[in-house]
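Here is what each chain is made of, one letter per residue.
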Amino acid sequence: MSYLLRRTRRAVWVGGTRSRDAAVREFERTDADTDGLSVFEVENDEQRSAVVAAIACERQRMSRVDLLEVERDVIERYGVVQNTPDKGTTPVPAANALHCSLDWDAETLRRFAEDLFAEGRAPREHSAAAVRAVVRRLDPDGVLGDEAQAFVRAERAKSAPSHEKP
Amino acid sequence: MMFAESSPATETRSEGRVRPSTSPKTYRATLAIPTTPEEASNLLTRVERIVDKGRVTNELLLDLARFLGANSAAWTPVNRARLRRALAGFDGTAVVDAIVAMIQSHPRTDILDEAELALRGLAPHSASRMRRLVLEPGLDAGVRVCILRAAARLDTSGSAESVRLALSDPETELRDAAIALLAELALPTGRAWLQQRLDRESSAMVQDAIRDALASFPR
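Keeping their order, the protein sequence lines are chains Z and H. Residue numbering for the first sequence follows the working numbering, beginning at 1 and increasing consecutively. Residue numbering for the second sequence follows the working numbering, beginning at 1001 and increasing consecutively.
If we strip away everything but chain Z, and leave its shape as in the complex, we get:
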């Protein structure tokens, strides 16, 4: 079974800060979102790790990554899921290959978010330590963009044995 992953944050879905309005806003499309909302389709933990690493590189910080995971067949009840690897814009090509677009109207996105909230869905949390581990496995030369490459190099340098550090 495949899952579609969408970046979010725990506070929206879990605990005392849980908020239906905030959940809806997580799926609110702006006019700049010309391809619809981005999600990533994964079937295993290796692909999941690529997405986590991509998000860390994109935001250039090594903190927890929260991902809402929804079964593809559930999402398809609301609309078409387009496989759009050419539209992935993260610095990690392996994650971009998993990119899909929800090119839906505002009302459908709202209904989807409200239903996820009503079901009590919670994001899967990837701890800072887990994020660091997947970023350190990346090849800096295979990452897109100078800033993201520098980010990966800096992180890998921290994990290198002291005699290997520049």
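Hints are computed from structural coordinates only; laboratory data are not their basis. Backbone N, C-alpha and C fix where the C-beta goes; we use that ideal spot for every residue, glycine too. One or more of the hints may lead you astray.
Claimed, not checked - According to the in silico footprint, chain Z covers these stretches of chain H (three or more CB under 8 Å from chain Z): (1) 1070-1079; (2) 1097-1109; (3) 1175-1189; (4) 1202-1216.
Assemble chain H onto chain Z, guided by the hints.
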């Protein structure tokens, strides 16, 4: 402080203190929305020329801020970096206010993440404006977290007190973010602050976060 209530998607918005003479009623987006990397690149080239000539307007600033975090193939990693550099070419306070107004309208996680990155790219003196905004109770908690993270990374020692205050914030999301920041930035006083907070913290989730942070702290 007032922030936008209307969506940038509607092309009309109110704004904060970006420029008092800019009427929220009359502002209209002027930049066409790019749909391809080439269109975004061309747009950025025009913007970079405008910045070089010093003909920057606050309308342009607001126009650019709405592209942060866009889910669009137009915004490749290279174009996103150029966009953030262009924003960094503006006056610090004006750009902080424009970005904050935009994310208050759209506090979506991916938008908040790229906004934070843009704020981190501004001149260090912008951190003082950010620290004031973190205290704005009218702002969404996610927005305040975004600003706090940016300020702490832009000026770590100058923002330490803001992080300490956030540890006691009524919003759980702020406390959670402050804990993560203390662990990540390894502030010298961080361990003691976390220990003190643990004794008073009522949220089990935040207590767990503090214990995790304490475990990761250098001894």
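Evaluated hints:
1. 1070-1079: holds (count 9)
2. 1097-1109: Holds: 4 residues of the stretch 1097-1109 of chain H have a Cβ under 8 Å from chain Z.
3. 1175-1189: holds (count 4)
4. 1202-1216: holds (count 4)
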